[in-house]
Amino acid sequence: MNALRSILLRREAGIAVMIVLFCLAVGAFKPQFLTLDQLRIILLLTPLIMIAAMGQMMVIVARHVDLSIGSILGFSAMVSGMLYRFDIDWFGFDVPWWTGIPLSIAVGAVLGLINGLLIQLFRLPAIIVTLGTLSLYRGMTFIISNAKQIDRQWIPSELKGLSQTSPILGIPWIIFIAFGVALLAYVFLNHTRVGRQIYAIGSNPTAAPLRGIKVTQVTLLVFTISGALAGLAGILYASRWGFVNPSNTGSGFEFQVIAAVVIGGVSINGGVGTVLGTVLGVLLLGCVAAALPLLGIPGTSQAAIYGAVILIALVIDRTVRRQGIVGLRRVRA
Amino acid sequence: MSTLETPAPTSGHDAAPARPRWQVVLVRPETMTLILLILGIFAGGLLSPFFLDISYILRSFTLYSEFAMVALVLTMVIIAGEIDLSPAANMALSACIFAWLQQAGVPIPAAVAVGLASGLAMGALNAFMVIGLQLPSIIVTIGTLTLYRGLAQVIAGDKSIRVPEWFIGIDKIMVAGIPLPVVLFVVVALVLGIVLGGTIFGRQIYQVGTSEVAARHAGIRAARIKLVLFLLVGLVAATAGIMTASRLGSVRYDLGLGGELQMVLMAMLGGTYIFGGRGTILGTFLAAWLLVIVSTGMIVANVLPAVQLVVLGALLIVSIIATNFIYSRTQR
Amino acid sequence: MLKKTLLLGLAAGLAFAGAAMAQDPVKIVYIGKNTGNPYFDSITGGFEDACKAKGCEFEFVAPATAEATSQIPFIEAQIQRGVNVIGIAPNSPDALNQVLDDARAKGILVLTVNGDLTGNESHRDATILPVNFDIVGRDQVEMVGSLIGYEGEIAILSATTEAPDQNKWIVGMNETLKTDPKYAKMNLVATVYGDDQPEKSTTEMEALLSNYPNLKGVIAPTTVGIAAAAQVVQSRGIADKVQVTGLGLPSEMRDFVKDGTVKAFQLWSPYNEGWLAVHFALGVLDGSIKNEVGSTFEVPNLGTITINANNSINTQAELTTFTAENIDDFNF
Amino acid sequence: MAETVPLVRARGIGKEFAAVDVLRDVDLDLFPGEIHALLGENGAGKSTFAKILAGVHRPSTGTLELNGKPVEVTSPIVAQKLGITLIHQEPISFPDLSVAENLVLGRADERWFSRVPWAEMTGEARRLMDLLGVKIDVTRQMRGLSIADQQMVEIARALASDSRLIIMDEPTAPLTPKEVETLFGIARRLRDEGRTIIFISHRLEEVRALCDRVTIFRDGNKIATDTIGNLTDADIIRLMIGRPLKEYMHKTRSQIGEAALRVEGLTLPGVFNDVSFTVRKGEIVGLGGLVGAGRTDVARAIFGVAPAASGTVEVDGKRVTIADPSQAIALGLAFVPEDRAVAGIFRTLSVEQNISAAVPDQIAPSGFIRRSVEKLLAEDAVRKLSIRLASLRQPIGELSGGNQQKAILARWLLTNPSVLILDEPTRGIDIGVKAEFYDMIGELAASGRAILLISSELPELLALCDRILVMSEGRQTADIPRSAATQEAIMHAAVPQVRGVAA
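In order, the protein sequences belong to chains A, B, C and D. When the letters of the first sequence are read in order and numbered with our numbering, they come out as residues 1 to 333. When the letters of the second sequence are read in order and numbered with our numbering, they come out as residues 1 to 332. When the letters of the third sequence are read in order and numbered with our numbering, they come out as residues 1 to 332. When the letters of the fourth sequence are read in order and numbered with our numbering, they come out as residues 1 to 503.
Please keep in mind that the hints were generated in silico from the structure rather than gathered at the bench. Warning: the hint list may mix true and false statements.
[Unchecked claim] Think about it this way: if two alpha-carbon atoms lie no more than 30 Å apart in a straight line, the pair counts; the simulated DSSO-like pairs of lysine-lysine are: (1) C:LYS241 with C:LYS216; (2) C:LYS290 with B:LYS159; (3) C:LYS241 with A:LYS30; (4) C:LYS241 with C:LYS258; (5) A:LYS148 with C:LYS263; (6) B:LYS172 with A:LYS148; (7) A:LYS30 with C:LYS258.
[Unchecked claim] Residues of chain B clear of chain D, computed beta-carbon distances all greater than 12 Å: (8) VAL106; (9) ALA113; (10) GLY132; (11) MET174; (12) GLY177; (13) GLY209; (14) LEU232; (15) LEU261; (16) ALA314; (17) VAL318.
From the three backbone atoms N, C-alpha and C, an ideal C-beta is built for every residue, glycine too.
The shape of chain A in the complex, shown without the other chains:
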């Protein structure tokens, strides 16, 4: 009885209930929303957001925020795309198609690390630093690509295949990758020491160094992971959409990801948030995105709905926790 109650009281249960109610409501108007086919559509909408949301979640749990992930996604996808485009001949050795994956992850990690270094070395607020690097990285994407798009024809078909071919059950690889990342994030956050230290830092930043936690290093790690995951999302963007555009790729992505994370019950006050909640938040967002065109709601209302959902999630977070206020000023310590 108590166990059941404690499960029901968790944030994740609330989101799950919201997803079910939402799907049933949409299904009442459009029965085809409740089909397996639709599930496939929803799942295919979410992998990039889910992967980046895992990184963003860690950042927010550590009481920071990363607004630059959309630009990191764009930049690392562009670097990999250029690798394919010019198909550099390494002494007669063909560049295998998968090279872009580790390359993109590494590039993303470096950009994330730069964010972390700026934040930690100069004691700056993450929000402003990443607002700056959002612009900076996007500009760099234009510069390295000479403002040219990487067309579909350059992207290796094996890479594009990740979003289409399936190892099992007709579910494309990309979805397995996304859930694999979520699983790794779960293990990392719940079963490694440093994972728990991230929660500790977010939970009480002033106490963390007193307890021997290397706040600087852990924060750098968190931003590096966030960047690396944005990089992974970048190469998967190329896989999913078959092109990399210096202007469109990843633009506005950060808002979707932050929305998903906040809806998933990750507290902006730090220290609170679960992988399960974030996954559910991503799925809820995916359901909404898939349902709008089905219901014939014009795409122009989508942004307003996202905005409203973020605000409502904030208010819920506030009412659930009713704890101290951590504004910008508290983070400064």
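Assemble chains B, C and D onto chain A, guided by the hints.
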């Protein structure tokens, strides 16, 4: 700090020596802004022979004058220890409401009034979430920025709404050879400069931003001050939105898209301290000109717009690092 | 010291500019919708080659984003640079009116290239479009009809609800379907909008397939839309059931055509738009071409060109159709 | 004991904070297998010394040796590696993590990517809790745990990390007698195992019951170290206070008039309960009690910072509702808060601005600030309170603590208050300036103002106050007239009655 002085044998020092007057006046972020501004003018002149033309610079400034006006108020919000990322979206929504109403036949003055009122209402929503619900303003206004622009899109769709011919062209009205939006910006800067520097309201903004707890204990109504500031940002943003409508002759939901970065950049470049309590209208005033000089200098030299993105992003980061450094050195 | 160097440099720059102005070749600038848009690479190629052949100066500039107002500072800058011809692919049919008027008042020839100021034609001198847009709708219907055997449900996946060219074509499609008995058995079930974003276009396409299980054909008269639609069809493996066609770039569609996902699609030569624009502009400037409705002129490789109503000029009479046979002949 | 090598040898340890010396030239040896008490008034330097040992603060001067080897305790991590654990006065915890995690987090042997052994961790946490004899579900979140339970977790953590030197900074304050007893039992056992324990407490009885040796601090200096048996209570108190009480007496006896502030049944559930008292004009009423007894909360409630849920407040005989400090100020109340750095000063703003902060109407009757008026007011205040500064324009953060506090007092005097609430007004202030404050407080009362003085320093209360109220655990436990006031009487009322002293 004062370790160089001989340690007093029994009691501590009563006070550190005062800084020399020239230091107080010169070693401050605004000086950095001014120097950058002068360098920017020279660099612009070097980049392109077409740059050094005062009427061109003034005309270019009209393109940024709406953002610059809002940035002045935003400066006060940041000094008070909060932030508002939603005014650019607010500009779009209030302009859309205004344009939509006048298109539906509402007389222009009434439509303007409703547009301004909607700006106030948006400021009030921000204020409610931040002050009433005690949520961090940075996240709240990221949410409202998405919401406001989304609502603008709901109202206007993807189409642009025309405004009547006679309403068009605020930037073509010249006051002593200077475009009206620039004049308005200067006037707003003067007024806000006086308010921030000379009135008790301005003084209390600094005090709230320095320490809200201490301000409350001193009987300063921090919540009320922040409410006024959020409302003021809303009102000025709506004004800026309607000014933009007059300049462009039409309104679309993407009006002022990305303007929040420019506004924050102006405040930061002007030496406003991101954690509150420090900053001046003069700094933001200079920074607005700096930004216009840098942007138009690059555009007129046909520099790749990507370079501009890089320069803007780098400027933002460098300016907060420099500001923090100057403050940490000069004020203990 | 630094200042002195700067001043010297400044003086040198001004002197250089003065010298350069003495005997100017014609300066042409083309302002694209945004940077990083592959479509414009091709147009720019036409401009460049023509300018090389005719001995004029050409530059391509574009803002980083395609929002309505982002081109304004670029137009201002070109006016300031004193260019002779501005070619522009407008991001907004009306937000640019004022600044384009300024340009024309300075004697600059303003051409819209690949997109027009629909409803505001008086604010430009002429427009250069690839084909007569009135025929696009008809041709597209014929194309999808031929693919599905002139029978069954079809849908349109467009860009944004208010894209003027798109809407003109959609009107054309609707009229053709209604009036021409050849298409009587074809039933247009839906028109949806993917906002030229791959994600949104994809969800709209998926929703079309869910909502209309008997769908036979989809017309996507937008490069982003057709690629997204093709990809949905490809990943579902239903290329034999649903025919995707529309307007697309060979470079983006090559794979889909080769694997049979898309049998045929159409477009025109963006390159010729640039090529034509330069020849037309130089002719108008030296007086050899009269910019009047009905007058004609010769352009190398394109033959005789006529100026149509509204000072509209087309580079080709019919759309080019791309299929598996000919797609490798095109390099854009 | 003297022939063994000391575990810790401290030589010439000193510490300076913001231009104030809080610790000077302390030499101390701590031996294995002893429980060593640090005694002293608040601000005497004992906590600072403990924090230096634990790596929280770096000493400004002096050296430390551990087992005869010189060491630099540069951070809490280093301290932990060296086997030194500090149990903080106010428990430090990670509220979103489980109790078990809080116990093991930050152990020196942690590797980043090593697995978290949840099962072992929980098992060990349970074992430690059993050892302490407390019932806490170790898998629950820290958030919502009572202070006493959090304290127990802290103690358990020190035990878990197997430290050679355990510093307990007033650990017993929130514990029940049973818990205190358990703690002492454990402490003795740890001592018998050869560990060293530093025990900081105000309670002489506890020190006597537990400790082997005692070191007494006063005003940042080490005064004496001796075996506990060699000192009587009177000796210890004399060493702690260091000077005859008479020195504090305020000279001017004032005329006590009618009631200026009357509080009736003030209650804020969970914080304080049914508090009633009256402060008359010209009267200094002390409010004593242990830290956390609810004294500051009562003051904050009266002043409207965090209003009470029920109860009435009368000012000058009129019943008033105060929901915001600005209303309190309008009614003639003034409040010098306890936490000067956070709630008092505007650190980066000028001294002038800090002084004039509460009187906007005086310096800007029209809304525009009259700089000349402001300057005059500030100069006047600086002269009257003899605030020592370099310039009125310098940031107040550059002033010493005592002068900052004077500026805050000056701020309130400008409002010409009829009721002054002073919360620990002399905390962290040099001794010389303290005396000036006592004189000022006396003069203020003499000029007919009602003063409510909250203080943890018993001599201060005894010397200054006409009456002393005492609070304990949120309730008012005593109202002692000056004639009957003694340290013992105050302490008796301040310590919760149900609690005995562990033997």
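| task | Would you pick out the hints that fail for this structure and give their numbers low to high? | result | Hint check: 2, 6, 7 and 13 fail, others pass.
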